[in-house]
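Visitor: Sequence:
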Amino acid sequence: MLLRVDPRSGEPLFEQLVFQVKRAVAEGTLSSGDKLPSVRELARQLSINPNTVVRAIETLERDGVIVRRQGAGCFVSDRPSELAAKERRTRLERLVTKAVTEAFHLGFGPLEIREAMEQRLDALDVKQRKTR
1 MLLRVDPRSG EPLFEQLVFQ VKRAVAEGTL SSGDKLPSVR ELARQLSINP
51 NTVVRAIETL ERDGVIVRRQ GAGCFVSDRP SELAAKERRT RLERLVTKAV
101 TEAFHLGFGP LEIREAMEQR LDALDVKQRK TR
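Position 49, counted from 1, in the sequence shown is what the numbering used here calls 49; the numbers after and before it change by one each time, with no gaps.
Please keep in mind that the hints were generated in silico from the structure rather than gathered at the bench. The structure displayed is predicted, hence computed values, not measured ones. Ideal placement from N, C-alpha and C gives every residue a C-beta, glycine not left out. You may find that some hints are simply not true.
Said to hold, decoys possible - Cβ pair distances, simulated, as ranges:
no. : residue 1 : residue 2 : range
1   : Arg69     : Thr97     : 32 to 38 Å
2   : Gly64     : Met117    : 20 to 26 Å
3   : Lys98     : Gln119    : 15 to 21 Å
4   : Gly10     : Phe104    : 20 to 26 Å
Could you build the full structure based on these sequences and the hints that come with them?
Guide: The following block contains the structure:
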């Protein structure tokens, strides 16, 4: 698993790390039960403060993406999320609204946005099928 962060992006480093791990799980690069590198190892690989990695790990654990096992490390959860279905749905709606709003501001119309979303979903589906 190759993770990268960009200190110049303006997005907090821990959020970049959270997004990349979630994307790896969604794409099937990381599967249920896979072990993540240690905090120290991730901090070294990414050249970032270990506290930044800890913050990302805490967020991923809270979101149900990973589980921590005392003395063993962090592993991808067996469940996609431990959040209640309603909370997951609310988060999805916020994410889609944000993406659609940004696309409108960039000058895209509804048809272009829909096509882009469908293409991205199709690409994710193909990647997931290949890893099964």
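Visitor: It remains to establish, for every hint, whether it holds in the given structure.
Guide: These are the hints, each one checked on the structure:
With their beta carbons about 36 Å apart, Arg69 and Thr97 fall inside the hinted range of 32 to 38 Å. Taking 20 to 26 Å as the suggested C-beta distance range, the pair Gly64 and Met117 conforms, at roughly 24 Å. In this structure, Lys98 and Gln119 meet the distance hint of 15 to 21 Å, their C-beta atoms being roughly 19 Å apart. Restraint check, Gly10 to Phe104: a C-beta distance of roughly 21 Å satisfies the suggested window 20 to 26 Å.
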